[in-house]
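K.L.:
With the hints as constraints, model all of the structure from the sequences given.
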Amino acid sequence: MKNKLHNSNSSDSGINPYSDVTVNNQFVNAVARIRFKELELLGKTDIESLMSCENEKECLQYLTDKGWGKEGDQTSEQILASEREKTWELLKELVKDISFFHTFLLGNDYHNLKAAIKQVYKGNDTPNVYIPNCTIDPDIIIQAVKEHDFSLLPEVMREAAEEAYQIQLRTGDSQLCDIVLDKAALDRIYSHGKASGNELISQYAELKVAAANINIAIRSVKTGKDEEFLRRALSECESLNIETLIQSALDGMDEIFNYLSTTVYSDGVPALKESAQAFERWCDNKIIEYIRPQKYNPFSLSPLAAYLLARENEIKTVRILLSGKRNDISDDIIRERLREMYV
Amino acid sequence: MMEILNDYGIVLAVIGAALAALIPGIASAKAVSKGGIAGAGIITENPSLFGKVLILQLLPGTQGIYGLIIAFITFSQIGVLGGSNDISFVKGLLYLAACIPIIIVGYTSAIRQCNAAISSMGILAKRPDQFGKAMIFPAMVETYAILATLISILAVNGVSGINI
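From first to last, the protein sequence lines stand for chains D and A.
The working numbering puts the first residue of the first sequence at 1304, with every later residue one more than the last.
The working numbering puts the first residue of the second sequence at 97, with every later residue one more than the last.
Hints are computed from structural coordinates only; laboratory data are not their basis.
Owing to the predicted nature of the structure, the values given are computational and were not obtained by experimental measurement.
Some clues are possibly wrong.
As the list claims (entries may be wrong) - A few chain D positions that, by computed beta-carbon distances, are all more than 12 Å from chain A:
#1 1329
#2 1332
#3 1342
#4 1454
#5 1521
#6 1550
#7 1585
#8 1600
#9 1633
#10 1639
Said to hold, decoys possible - If the Cβ cut is set under 7 Å, some of the chain D residues that face chain A in the computed set are:
#11 1328
#12 1338
#13 1418
#14 1421
#15 1601
Ideal Cβ positions, reconstructed from N, Cα and C, are used throughout, including at glycine.
P.N.:
This is the structure we're talking about:
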């Protein structure tokens, strides 16, 4: 699958594309257009309308009437994929240099790398495992893995790619391969987000890495993982002290909760105690909380990043809702899983 | 020494008038340009808002006009457009000082008014029926450009009456 978003220009080059004052002027036009697009986002009333639909088919009809999907889309996944595609097409139209948004796409590169390594290991070609919205063309990643030539990848990816490749092919340990690439992805997202100089993107990167660290620590307690595993899996971030988190994880679940109660994630502890899904929902709602002020900001990249995150949140919410309707899950349970909306 | 300096009185007055036309003019050009960029984004999505967007875009253009008025009055007072051009050094300095309010406030208010106008375009995008309220916000910034213009007019006229 050809990646339409592939763009070699990135802040990895050391150039900070966000800090230039002229950039704010550059986005004035884009933000003005985004204000109209925000009107098309699903609000609480739309979610209520979807909830009142009898089944998935009615929901899809409602979404189609709202302009969701493209001609010929049949399934809910096709409609959701089309919506994501539309979002990126719009952003590409508004911002010539899409590398501004690489923080949101880097994780997909590492997902594709994981998929490629596993396909090569298993010797099969499973279709539709690659995510098209990414910074590196998936075909290049596949070629790099098949030919074992990681010089085709950006320098910052090569070391982790080689390590994961060797682990997978020599030991067959898929979990360890995943850990190496997940950590590399988180490190990259974090450094890219922080280097952006944009407060919203920086906050997103911080929350993304911290939430991943918390989830890893919780899972490690449940599965009895040791300190070496934790050190290998956790990524550095400002809002969490990794050494304390490791020690807490080794001491048990309650110690993790106690430690998190002293951090900026204390509000998330009740959700964490409830379930992993509840914590994921808390994180998604936190992102909406971060981006909400951008509705009133007419300048800078932030309103565009906020729109992107709002669309992702919208698509995720609709997916949860459609999945619930498809599986005849009660409305109360579906409501518990729904995210807050941007508008 | 003073006699030599007095030869440069007219130079100072012309500098003041030129800056009064130049600085707010540059600010207005920048502000109208930025407003136009934002306005084009609005029109791309909803062409029917052209008239309202145009008004918001043009609001910060007035500072350039105010600067031009001050420059014109100054030129007419110092004899550049005809009449006596015997301006002492101190008087030239006073003309320059008289132009300073519109030079500084004209520049600052044009840029700030542009930002307010662009914010109001956001209101227009989501609530076109609230155009009246949306226009008030950038229009308020105009007050200070008008005050600075008035002070510069009074000062320029006042300086001409001083016999130094």
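K.L.:
If a hint holds in the structure, say so; if it does not, say that too.
P.N.:
Structure-based check of all given hints:
no.: 1; hint: 1329; verdict: violated (9 Å)
no.: 2; hint: 1332; verdict: violated (4 Å)
no.: 3; hint: 1342; verdict: violated (6 Å)
no.: 4; hint: 1454; verdict: holds (42 Å)
no.: 5; hint: 1521; verdict: holds (41 Å)
no.: 6; hint: 1550; verdict: holds (48 Å)
no.: 7; hint: 1585; verdict: holds (29 Å)
no.: 8; hint: 1600; verdict: violated (9 Å)
no.: 9; hint: 1633; verdict: holds (36 Å)
no.: 10; hint: 1639; verdict: holds (31 Å)
no.: 11; hint: 1328; verdict: holds (6 Å)
no.: 12; hint: 1338; verdict: holds (4 Å)
no.: 13; hint: 1418; verdict: violated (38 Å)
no.: 14; hint: 1421; verdict: violated (44 Å)
no.: 15; hint: 1601; verdict: holds (5 Å)
Hints 1, 2, 3, 8, 13 and 14 from the list above are not met by this structure, while the remaining hints are.
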